[in-house]
Amino acid sequence: MSTAMTERTSGGAAERGEPILSVRGLEKHFPIKGGGLIKRTVGAVRAVDGVDLDLYPGEVLGLVGESGCGKSTTGRAILNLQPATSGSVVFQGREIVGLNRKQMRPLRRDIQLVFQDPYASLNPRLPVFDIVAEPLIIHGLTKDESELRARVRELVQTVGLNPEHTNRYPAEFSGGQRQRIGIARALALQPKVLVLDEPVSALDVSIQAGVINLLEDLKTSLGLSYLFIAHDLSVVRHISDRIAVMYLGRIIEIAERDELFSRPAHPYTQALLSAIPLPDPRRERARQRIIITGDVPSPANPPSGCRFRTRCQKFANVLTDDERQACITLDPALEDRGAGHPNACHYAEPVSVL
Amino acid sequence: MSTPGTSGTAASSSGATSTGTLSRGRTADEAGFDPSAPLLQVSDLNVRFPTEDGLVHAVRGVDYTLRSGEVLGIVGESGSGKSVTSLAVMGLLPGSARVTGSVRYRGQELLGQSDRSMSRVRGKGVSMIFQDPMTSLDPVYKVGAQIEETLRVHDKTLSSKAAEARAVELLELVGIPNAVERVDSYPHEFSGGMRQRVVIAIAMANQPEVIIADEPTTALDVTVQAQILEVLQTALSETGAAMVMITHDLGVVAGIADRVLVMYAGRPVEIGGVEDIYYEPRMPYTLGLLGSLPRLDAPTRERLTPILGSPPSLVNMPPGCPFAPRCPLHIAACDEQEPPLIQVGGGHAAACIRTEKVERAHGHAAEVFTETASDAVLAGEALPADLALGADAADATSADAPRADQTEPTAGGADTGSIISSHRGTQDGDRQ
Chain A
6 MSTAMTERTS
16 GGAAERGEPI
26 LSVRGLEKHF
36 PIKGGGLIKR
46 TVGAVRAVDG
56 VDLDLYPGEV
66 LGLVGESGCG
76 KSTTGRAILN
86 LQPATSGSVV
96 FQGREIVGLN
106 RKQMRPLRRD
116 IQLVFQDPYA
126 SLNPRLPVFD
136 IVAEPLIIHG
146 LTKDESELRA
156 RVRELVQTVG
166 LNPEHTNRYP
176 AEFSGGQRQR
186 IGIARALALQ
196 PKVLVLDEPV
206 SALDVSIQAG
216 VINLLEDLKT
226 SLGLSYLFIA
236 HDLSVVRHIS
246 DRIAVMYLGR
256 IIEIAERDEL
266 FSRPAHPYTQ
276 ALLSAIPLPD
286 PRRERARQRI
296 IITGDVPSPA
306 NPPSGCRFRT
316 RCQKFANVLT
326 DDERQACITL
336 DPALEDRGAG
346 HPNACHYAEP
356 VSVL
Chain B
78 MSTPGTSGTA
88 ASSSGATSTG
98 TLSRGRTADE
108 AGFDPSAPLL
118 QVSDLNVRFP
128 TEDGLVHAVR
138 GVDYTLRSGE
148 VLGIVGESGS
158 GKSVTSLAVM
168 GLLPGSARVT
178 GSVRYRGQEL
188 LGQSDRSMSR
198 VRGKGVSMIF
208 QDPMTSLDPV
218 YKVGAQIEET
228 LRVHDKTLSS
238 KAAEARAVEL
248 LELVGIPNAV
258 ERVDSYPHEF
268 SGGMRQRVVI
278 AIAMANQPEV
288 IIADEPTTAL
298 DVTVQAQILE
308 VLQTALSETG
318 AAMVMITHDL
328 GVVAGIADRV
338 LVMYAGRPVE
348 IGGVEDIYYE
358 PRMPYTLGLL
368 GSLPRLDAPT
378 RERLTPILGS
388 PPSLVNMPPG
398 CPFAPRCPLH
408 IAACDEQEPP
418 LIQVGGGHAA
428 ACIRTEKVER
438 AHGHAAEVFT
448 ETASDAVLAG
458 EALPADLALG
468 ADAADATSAD
478 APRADQTEPT
488 AGGADTGSII
498 SSHRGTQDGD
508 RQ
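Residue numbers (the working numbering), protein chains in the order written: chain A, 6 to 359; chain B, 78 to 509.
Note that these hints are calculated values from the structure, not bench results. A few of these clues could be false.
Which chain B residues face chain A? A few, computed with CB under 7 Å, are given here [to be verified]: (1) G270; (2) D298; (3) D374; (4) P383.
Heads up, the beta-carbon is just placed ideally off N, CA and C, and yes, glycines get one too.
Given only the sequences and the hints, what does the whole structure look like? Please build it.
Pasting the structure below:
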């Protein structure tokens, strides 16, 4: 890996040593089939369209964006749950893209996924014990029944549930408790990396806070690294060390947490931050809001040049016609343009919006 | 109404006489209507649903008064009864629901009215914006037709031409570009945010005096939410309506509401001006809710203070404060009877007998939640099960024991003691 590449995707984390997970040029396109008898591919939804990421040991990397920006697909492609169209995912020096199920299995011990919906991700017909024990059995990690019992008990306790209740079924638990079961299952194989796909967005705030605290504690005590995928920027800000903002299949800005929130440089990040309502009446009412118009364009047919230009208030209101030409014709690369961290805007300039 | 000429003049001339862009003639002919009475007065509203497990008491005595021109925010977690309350006000609950109490719109009792007479109030006096713009529009009718239906149902004299002109005007008002062509689109041709704009256009079509918005931005992305909140403000200034804003998002309420009602387990547990609620909450639940929010604007990354346990089941509720099992300020007296809303300041009331303890925190959840964790222990509060289990586990896997301790959800931080985490574990156990 070239140094230029490292700098390009690090967003100021170059001092963290070798990344544990390194993603380069990741693409995931879903074919659009035409009608008629013979299904021909007539186009592609470019859900993930060239994503570069580095996850360093012990770090939480937040991946944020609005619905349809490709953040969940990125997570799944990294885990090879949906094979990537192209690109490379290197986990601890080993290329994941192109591996088949059997070849993936030993790697799954080290990289696990926590799903968004705690209602759909647990088998309703299995008691909690079996759910948490399943990965241990599949990977043959325990010698005998008593060791398995002790391990499951410990896991369930680790996530703050009562081990007495492992003979119960998922339906008997609340949403927050189910999400804890999902986390216990993901931890069963003692992974090094957890990909968390919207782990708290289905939960009420008072319950959500408990799960966030649990995730923070687990990270510290077990030395985990998280790829934390979410749409809620306040949650992401709370838990992440670095944050990558996605828009229409691309990362458009990546920076250290405080840097991103105090000096966002990309107009989309600025709009995103300014759109979030603050639970503080005086500050909320005193804020100047950047309202962007319209909706996210179709990823099957992204705009030419900069993908954000169709909604960009800078493009619409600030730039001259000459300056706009660059936005229309040139696809901006993710690089540091003097803002102190990489972003993908020709006219990036840090602004404080909070 | 004969409206020759262009659509623009048609809209304004029809508005003056019937659709009400200028006039505010409305249900004045209804029985019991009193223009001087409070806009919307809900008193002792109770809703019960019969289920196989018994009677679910979803709303347990809701009282509020909506004054004209104000925005009342109703906040609470899922299952707190905030949506059922508004459906009861609109008379939209299924027939099996047992609704008691009183809902008065300008003095006119709405509960117990026939669907037919309610239809005269709905959309004209009180209108509603639903959460999901994907399902609240009819997929087989053009959006224009759906707006026109709302207009013509309340004004039989309105010509279809005038109604269409008004529909275009409304779509322009809610920020739909190229409205003249878009009236002929079907809902599926719109994005989520655009559909919600159409829903808002329908809600404001007849110049209602009250708009009830039930989680109007929950299904939307945050940049679209910001757009829709702007449109709602437009709708309010355009119609002069008062609004009940139901949401679980404390940020949205902070920006739009004048007064806030916090609901828990089917009851209002705190009501007050928006600044009182956010800066000087008196009910431990409100304090806990604010403490469990990750803050975008916090100077440092503070540890969150979750509320332990989960809300009670609304079937056969035990006596006493419903929040008591999760409350760090819980004392024996809390279990005796459910506290009524007690005045704690001008226009500010909380359903708690220990509000003076909450007052000391001045909105800092961590203070109350730690101080009282030790309180709870001194008072000999229940924490046996989990501690015992912790010891067990330490024996079984002694090597890993410290790790298990550390990873207790709320342990480790300087702001919360290990006591509260054991407390939490017990509560989880109780709830299962």
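Item to check | Violations among the numbered hints | outcome: none
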